[in-house]
Amino acid sequence: METRLPISSLIIFFVLLLMDGSYAQMPGFVSLDCGGNESFTDLLGLEWTPDSIVYGETATVSVANETRKQYMTLRHFPADSRKYCYTLNVTSRTRYLIRASFLYADFDKNNVYPKFDISLGPTYWSTIVISDADVMEVRELIFLALSPTISVCLSNATTGQPFISTLELRQFNGSVYYTDYENQFYLGVSARINFGADSDEPVRYPDDPFDRLWESDTVKKANYLVDVASGTEIVSTTMPIDVYKRDWPPQKVMQTAVIGTNGSLSYRLNLDGFPGFGWARTYFAEIEDLALDESRKFRLIEPDQSDMSKPIVNVQENAHGKYILYEPGYDNLSLPFVLSFKFVKTKDSPRGPILNAMEISKYIDKNHGSLDGEVIASFISLYSSADWAQEGGDPCLPVPWSWVQCNSDVQPTIVKISLSSKNLTGIIPSELTKLTGLVELWLDGNSLTGSIPDFTGCTNLKIIHLENNKLTGELPSSLTNLPNLRELYLQNNLFVGTVPSGLLDKNLILNYSGNSNLHEGARSGKHTNIIVGASVGAAVLLIATISSCLFLHKGKKRHFDQEQLKGSIPLQRLVSVLSDAPAEAAHLFTLAEIEEATKKFEKKIGSGGFGVVYYGKMKDGKEIAVKVLINNSYQGKREFSNEVTLLSRIHHRNLVQFLGYCQEEGRSMLIYEFMHNGTLKEHLYGPLTQEQSISWIKRLEIAEDAAKGIEYLHTGCIPAIIHRDLKTSNILLDKQMSAKVSDFGLSKLAVDGASHVSSIVRGTVGYLDPEYYISQQLTDKSDVYSFGVILLELMSGQEAISNESFGANCRNIVQWAKLHIENGDIQGIIDPSLRDEYDIQSMWKIAEKALMCVQPHGHMRPSISEVLKEIQDAILIEREVMGVREGNSDEMSRNSVHSSLNLGSLDMGGTENYLTLDESIARPTPR
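Numbers -24 to -1, 1 to 903, taken from mature numbering (1 follows the signal peptide of the UniProt record, and there is no 0), label the letters of the sequence shown in order.
By construction, these hints were calculated from the structure, which means they are not laboratory data. One or more of the hints may lead you astray.
Think about it this way: if two alpha-carbon atoms lie no more than 25 Å apart in a straight line, the pair counts; the simulated DSS-like pairs of lysine-lysine are [claimed, not checked]:
no., residue 1, residue 2
1, Lys598, Lys580
2, Lys323, Lys273
3, Lys228, Lys273
4, Lys482, Lys392
Use the sequences and the hints to build the structure in full.
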C-alpha cells in the first residue's frame, strides 16, 4: 500500500538477528527505528528499538509537523545496484504484516530523489520512488512465514541513495487473510480505507491490536476517492460494534461510515500495482437506527454496465443484527488500475447504501529463491564472523551477493564463487562440492589446508583457482572426471606425488608450479596442453595467454574504406564514438535528380524554421519528401550535417526513413520517404481534424509507435541519441496511420552516459524540459518530458501552448492538465471529439503516466520504456472494451488480466458465487 501521511565490485550488507521477545511488548511485534540510537516507547505505546548495526550510515532529518521520533532518523546506503538486507526472526506457519517506511527529507542535501527496490527475501515487493522530500512512502505486505527467518532487502538503486526510516513486523493470530494461494503469493496492500473517518490521521494501534493503518477517506491526493456521489454523508456511533474476529477491522473503524442519502455511493481510486489479480473485502455494519418498517438494501453496479446488477446487500439481515460486522468479499478477482465502484439502493429501500471500510491487496508472485540457498547457508555458517559472510537474503535474488554469480533461471543456481584472498582457513568445505551448477571456483590467496575434496558432482566446473594456499596431499584422480574442466591453477601449495595422467591428457591449462614435491607423471600426448610445472616457468603461460588474446581479437580490427566516404558527409567523428562497425555513407543525390523528382519544387507540402518541404516522385515511382534548408548560417549547416550524420546510422520502423541528401549550388537538402498522412499535429488540431477526428485507440497506437522510435534512440543506439525536439509536428503518419519520428537536426549523442551541457538551449516552447532550460543539462529525460506533453495533447486535442484554451491564468497544457487530473476531473481535459468512445481506465492510465513524464526533475520521470509499457497496457484495455462492444470478446477476456472487472465481481450475497470467470482467470497466475 502506498500511504502518503500528511506530514508535509564489493557489496556491504548487514544482517540484524533479533532475539525472540526482546524488541516488542507483545508477541510478533518488532518496531525498528532505522538509524536511531536508543530504545523508546511512542505515544501509541509501541516500543521502538534502534537497528544497532555497523553497516550503512545514519542521518537525522527534520520535516515540518513531524514530531514522531522514529521518523527523525534513517539509515542509508551507497547509491549502487547492491543489496542491503535486514533478517528478522519469525514463527513458521504464522501470518504477518511487514511495513517499511521511507521519509527522504533531503537527508543527503543533494535533492536527488531516490528510486530503488525493496524485496522480501528473493521476491520483488515494490519500487520506492520518492517524488516529494517531505512526504512519507509506506509499503505493507501480508505473508505466511514458511521459515524461521525472513529478509527485507533494498537493492537496484536507480537514482539517489537507498534508505529506510522504519521497519515494522506485526503478527496476526487469526485467518481473515487466509487464501488458498498463500504458499505461492504474498498480499501487497494497495488500499485499506476507513470511510467516514473523523480526522485525516489513520486508525492504528492501540485501536487496531494488529497495528494496521486504516487510512482516512478524507486524505486528499490525486485520484484518491474522487467522483464522490452527491448526497454522500458521514455517520457515526459510539455504540460497540461486534467485530467477533479479532483480525477484522477494529471497532473504531466500524463505528464510522458513509451513506448515500440520494440513493448511491460512488468512488474512484488508484490501485497501486494493478491491473492484476487481487484480494478484496468490503466491511459493513448497520450503525443507524432504522424504523421497524425501514430497510437498507443496495446493489453494487458496474458503472460501465448499468444493466448488470449484483446480489442485494441487506447489512442488518446479512450480519444478523445491528452493530455487527458483515464482511462480503472475494479472494481472487481481476482488478483494474483505476477502480470505480458504485453502490445503489434498490427501489424498495427507503435508505441509501452504507460503507464502513474496505481492503484491497494485490497478489505478488512469490519467488522461491535459488536452488543453492540451503547449501550456501550451511557454507557461510562456517565463517559467521567474516565480513563477506554477513550478506543477507537469498544468494542470487533479487541481486547476487558480492562474491557470487548466478545463472538467469527462475530458480537460479550459483555458477561462480569468488573468495580470493578472504583469509579463509581450514579445509575446503565439502558444501562447495554440492553446488552442482558451479562453473568457476576461486579460492586462491587464502590459507586453506588439507586435500582437495571430490568435485565429481560439479560436472559444469570449467575453472578452478586454488593457487597460493597451504593445501597438501596428492592431487585426487576425481579431478579427471570433470568433463568440462579447462583451467586448473594449483601453484604455490604443498602438494606431493605425481600429477594424474588423466589431467595431463585433458585439454586444459594446468599450472602446478611452486609445489616442489609434485611431479609430472606419464602422459599419452594425445592433447595439446599448457602445462606449467616446477621446472617450466610461467613464461609459457604468459605466451599462451598472449597468443590466445591475439587469436580471439583477430578480425576485430576496424577497416574504414575512404572510397566509401567520397561524396558524403564526413563521418569520422561519429565513427569514433559510435561502434566498432564502419560508418555507413549517406546517399548523395544530384540537384538534377531532385529537380526532376519535384518538378522543380512545384508542390510545397510543409514548412518550418528549417525551411520548406516539397513533394517528389523518383523515376522508380518512390515518393519522397525533400526538406530544403533555408538557414545557411553556421548553426543551420551544423544542424544539417548533424541530421545527415545521425540518420545515416539509425534505422527503425518508427523513425522516418532517410534516403539521402543533396548539396549543390549553395543549397542543402534532406530527402526522406514521403509520409502520406502528414503530421500528428494536423490531425489533432489542424485542418485535417475537420475531416475526421482520430479515435482514442488510434491515438494510443500512434503514441506506441512514437515511443518505440524514441526507445530505439535511447536504448538501441550506442551511444544513446537524445532527439531534443519531440513535438506533434515531428511525428509523421504513413498510409496506414502508423507513426514515425522525424527531424533530427537538434539531436545529440549522449556519450558515455554523461549529460550534455550546451551554452544554447534548443527545443520548442511548450515541449521544452524546464530542468534542461534552467540547468542546460540535457538527458534522455528531456525527451520524456516532451513526450509527456504529446500524451496530454493526444488526450485533449489541445495545443501545447494556447492563449485561449486554458483560461486566463494558464497558457500551457501541462499546468492546465495537471490541475484537472490531480483534482480527479479527467473529463475536463478529454477531447470532446472522442465522443465517449474510450474506456476511462485507459484514459486514466495515460493521464497518470503523462503527469509522471512532466515532473519538474528528470530523475522523477519514468524512462521511455516504462512509458511505452503503460501505453501498451492502455491499448490492451481498449481492445478488450472494443471486443465487448462487438460481442466477440469472450476468448480475449478469458486470457487477459486487463479485465474491466472491479468490485462488482465481489460476492455480495453470502455463500452463492455469482462470479462468471472460468478457472483460468479465477486463480492467480504468475506474471
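_Hint consistency between Lys482 and Lys392 [alpha-carbon to alpha-carbon, up to 25 Å]_ = Distance ~22 Å between Lys482 and Lys392 Cα, so the pair holds.
*Going straight from one Cα to the other, do Lys228 and Lys273 come out at no more than 25 Å?*
24 Å, holds
_Hinted pair Lys323 and Lys273, Cα distance within 25 Å_ = Holds. Lys323 to Lys273 sits at ~9 Å (cutoff 25 Å).
_Tell me if the straight-line CA distance from Lys598 to Lys580 falls inside 25 Å._
17 Å, holds
In this structure, none of the earlier numbered hints is contradicted; all agree with it.
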